[in-house]
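Asker: Once you've looked at the hints, dock chain S against the given chain Y.
Number of protein chains: 2
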Amino acid sequence: MPVRNVVNVGLIGFGTVGSGVHHLLERNGSIIGQRTDLDIRIKTICDLDTARVKAKAPGAAVVSEWKKIVADPEIDTVVELIGGIDPAKSIILESLSAGKNVVTANKKLLAEQGQEIFALANDGRAALGFEAAVGGGIPCIAALKSGLVGNRVMSVMGILNGTTNYILTRMQEESLSFEDALSDAQARGFAEADPTFDIEGYDAGHKIAILSMIAFNKKIDYKAISIEGITKIGSFDILYAREMGYRIKLLGIGKRAGDRLDIRVHPTMLPVRHPLASVQNEFNAVMFTGDMTGPVSLNGRGAGSNPTASAVISDIVQIAGKAGCPGGAIRFRGDASYIQPGERLSRYYMRVHTEDSPGILAKIAGVLSGYDISIASVIQKESDMPHVPLVIMTHAAHEEGLFKAVREINAFDFVEGDATVIRVEDYVSDGADDE
Amino acid sequence: MPVRNVVNVGLIGFGTVGSGVHHLLERNGSIIGQRTDLDIRIKTICDLDTARVKAKAPGAAVVSEWKKIVADPEIDTVVELIGGIDPAKSIILESLSAGKNVVTANKKLLAEQGQEIFALANDGRAALGFEAAVGGGIPCIAALKSGLVGNRVMSVMGILNGTTNYILTRMQEESLSFEDALSDAQARGFAEADPTFDIEGYDAGHKIAILSMIAFNKKIDYKAISIEGITKIGSFDILYAREMGYRIKLLGIGKRAGDRLDIRVHPTMLPVRHPLASVQNEFNAVMFTGDMTGPVSLNGRGAGSNPTASAVISDIVQIAGKAGCPGGAIRFRGDASYIQPGERLSRYYMRVHTEDSPGILAKIAGVLSGYDISIASVIQKESDMPHVPLVIMTHAAHEEGLFKAVREINAFDFVEGDATVIRVEDYVSDGADDE
Chain Y
1 MPVRNVVNVG
11 LIGFGTVGSG
21 VHHLLERNGS
31 IIGQRTDLDI
41 RIKTICDLDT
51 ARVKAKAPGA
61 AVVSEWKKIV
71 ADPEIDTVVE
81 LIGGIDPAKS
91 IILESLSAGK
101 NVVTANKKLL
111 AEQGQEIFAL
121 ANDGRAALGF
131 EAAVGGGIPC
141 IAALKSGLVG
151 NRVMSVMGIL
161 NGTTNYILTR
171 MQEESLSFED
181 ALSDAQARGF
191 AEADPTFDIE
201 GYDAGHKIAI
211 LSMIAFNKKI
221 DYKAISIEGI
231 TKIGSFDILY
241 AREMGYRIKL
251 LGIGKRAGDR
261 LDIRVHPTML
271 PVRHPLASVQ
281 NEFNAVMFTG
291 DMTGPVSLNG
301 RGAGSNPTAS
311 AVISDIVQIA
321 GKAGCPGGAI
331 RFRGDASYIQ
341 PGERLSRYYM
351 RVHTEDSPGI
361 LAKIAGVLSG
371 YDISIASVIQ
381 KESDMPHVPL
391 VIMTHAAHEE
401 GLFKAVREIN
411 AFDFVEGDAT
421 VIRVEDYVSD
431 GADDE
Chain S
436 MPVRNVVNVG
446 LIGFGTVGSG
456 VHHLLERNGS
466 IIGQRTDLDI
476 RIKTICDLDT
486 ARVKAKAPGA
496 AVVSEWKKIV
506 ADPEIDTVVE
516 LIGGIDPAKS
526 IILESLSAGK
536 NVVTANKKLL
546 AEQGQEIFAL
556 ANDGRAALGF
566 EAAVGGGIPC
576 IAALKSGLVG
586 NRVMSVMGIL
596 NGTTNYILTR
606 MQEESLSFED
616 ALSDAQARGF
626 AEADPTFDIE
636 GYDAGHKIAI
646 LSMIAFNKKI
656 DYKAISIEGI
666 TKIGSFDILY
676 AREMGYRIKL
686 LGIGKRAGDR
696 LDIRVHPTML
706 PVRHPLASVQ
716 NEFNAVMFTG
726 DMTGPVSLNG
736 RGAGSNPTAS
746 AVISDIVQIA
756 GKAGCPGGAI
766 RFRGDASYIQ
776 PGERLSRYYM
786 RVHTEDSPGI
796 LAKIAGVLSG
806 YDISIASVIQ
816 KESDMPHVPL
826 VIMTHAAHEE
836 GLFKAVREIN
846 AFDFVEGDAT
856 VIRVEDYVSD
866 GADDE
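Those sequence lines, one after another, are chains Y and S. Per our numbering, the first sequence starts with residue 1, numbered consecutively. Per our numbering, the second sequence starts with residue 436, numbered consecutively.
Excised from the complex, chain Y in its bound form (with noise of 0.2 Å):
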């Protein structure tokens, strides 16, 4: 084993990101050790509320004074989870100030306040990161200011706050009212029981702020961004939306517009093949348009505990890469085994031509019944053709199974042909954490 690069982390703020982080590391500290040789840990837990710090995390220091976290000189890297303009900009300050590295997913902070944390992060003592901050477990800040770096950006757009991405869904699924939606969103805990700050699109405008300031590199006056919330926003709309081919999102924007810039939020009518209108429920996304790259667009999960902390993260690996980590390719734990392709389950799509007469579709199913294979839907439309298609879509059932059903059923005098087999792949939204 190469030796560990320890990077002691003072975490403040031990709400749901806090606590994600915690819980992040512990489940997939050794990944994270394997790929990077960084040993990332926790030293000293800062709450005011220490008791539920210590029934989470029972191994960690914990304190509720955050300036012993930013006079502790073992403690590199400072991670602000407290949100709001103070202490949490006092906090950041005197981290950078005194030669520490500061994560934080504080956007309010950094878009009405950022200019001076920004600069004193430029001159270059310590590093800031942010990718918490807009877009949760969606890599995007990473993307528009390293990964198109070489672009001149030309608008940066996206679906930045899931509460009202949330309510504008249920209005356009269910054909809710705003009211009933916004209750929906509430009693799932999608929205907050004051919902002004996302509903009236601040949010989104804090984080359209911090976008727009990558993409054009300019100071941006966060008061000097028109901000439209969804309450205006009736059923009808999303009808007649609809009906033009239509969805309606709030959308933040940021545009040049020749030497200056056009930056707001408001709700959006998003033609249906624009890669933001399939954007559902509480995901974000987010478009950015290079010279050189063309839309770019991302999208995924813009808050929660777990893709939030996943961005916490994700910066400290960044900046402790840049402070001594070597910059390997790829770290392999051996080779890797493979299952055979008959082990594989899936739904799968079969089409087989076969001649028209009574018994045929009892045929094939029985062969496939045989090998524990069944039928989720059939489609066979009459015709005037010698050999008709039959269409076949199956539950789950091994490839294996399937591929001996589908050589039986080539087999048949009745079938023209060999049968087209297409495998189905599902979209589960729910990712696959099963903590």
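Quick caveat, the hints were computed from the structure, so don't treat them as lab data. One or more of the hints may lead you astray.
Stated by the list, open to error - Here are the simulated EDC-like pairs of lysine to aspartate or glutamate, each with C-alpha atoms no more than 16 Å apart in a straight line: (1) Y:89 to Y:65; (2) S:667 to Y:418; (3) Y:232 to S:851; (4) S:816 to Y:426; (5) Y:54 to Y:26; (6) Y:89 to Y:112; (7) Y:43 to Y:26; (8) S:478 to S:461; (9) Y:232 to S:461; (10) Y:381 to S:678; (11) Y:223 to S:678; (12) Y:219 to S:770.
Answerer: Just chain S now, kept in the frame of chain Y:
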């Protein structure tokens, strides 16, 4: 002005991507310098056809022998863009051994014979960047490797080949046969004269091999990947898929299957709500599912001179940043200035509730035309309510005139309440490049 860190690049291969890198630096080199303090200079270009290099890059030093670039002590970064196994492999191995950083777009080499290269890059003497090998202008390697570094990755999948996605899109949208769609793709330059490598899925195979290596940190044997192309897909299948609510896409898929992996390329039925189902034409997209983030997807141009050059430059900047460029936050060039909201040009959706009597549409249309706003479409339905909704979609107009018109319309006696106005954001997939 701060002192710039000079990066001396040796560019090997001046085809589509190589000339794109030269073009990008000519065009955006000063933006990159402002953002990063890096002065990226192409010191020497190597190509067998020295005449075409001199025609396009009149100022550069040109050689036809790659060994001259590897032997040049002033060159710190070698960009390999000739593709294929030989001599690309020798170029990369000799460059890394000489302590030179390497940036490459060579997916075939990395997928089939990458182990020796990755091992050499991992010893830390020099860095290897290969963002351009997968997904063109989409920063998907960085998103997976850095953005999701804190995740146990459950699966990676993607539409990794633009040629086949273009063909499947034409089959889907215009009911073309495979053969006709292929001819169309060839005529438009999206398919090679010999399209075997793309349509049989080998190119997608190389890319899913590379993504799987990063996701699972396992050495992948390219020959162990099951690969099936799109040549057996008929128009029938496209139609039945649509009827059942699916789209057919050629996917590269890498998944965990217990302790083993399941890696494959084949045509796949995707439910229309799957994030990859709506990726059209020559666009590429990937979806990574991390245990912390859930699904994260990225979408953009997967090939072409400018997008791929953007990825090469991103790698050069990342690698140079590691070697000393301070990790600043955002570099600002002054304060932004803003256009006034009224100056914005947009199409608008307007809903207004009016009495149901003759001449009302004419009066409203008259107000709009007085502000040079022309109507694209109108929806007004029969109703037995006293006030009926009138929905108007306008052509592009300035916001100032639109809002003046709306104030006049709201003042009509026959109008109930205030009109609802929603701006339209169109989608131009060609991006904003006007080179």
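Asker: Now tell me if each hint is right for this structure.
Answerer: Right, here's what the structure says about each hint:
no.: 1; hint: Y:89 to Y:65; in the structure: holds, 15 Å
no.: 2; hint: S:667 to Y:418; in the structure: holds, 10 Å
no.: 3; hint: Y:232 to S:851; in the structure: holds, 15 Å
no.: 4; hint: S:816 to Y:426; in the structure: violated, 39 Å
no.: 5; hint: Y:54 to Y:26; in the structure: holds, 15 Å
no.: 6; hint: Y:89 to Y:112; in the structure: holds, 11 Å
no.: 7; hint: Y:43 to Y:26; in the structure: holds, 13 Å
no.: 8; hint: S:478 to S:461; in the structure: holds, 13 Å
no.: 9; hint: Y:232 to S:461; in the structure: violated, 48 Å
no.: 10; hint: Y:381 to S:678; in the structure: holds, 12 Å
no.: 11; hint: Y:223 to S:678; in the structure: violated, 49 Å
no.: 12; hint: Y:219 to S:770; in the structure: holds, 4 Å
Comparing the model with each numbered hint stated earlier shows that hints 4, 9, 11 do not hold.
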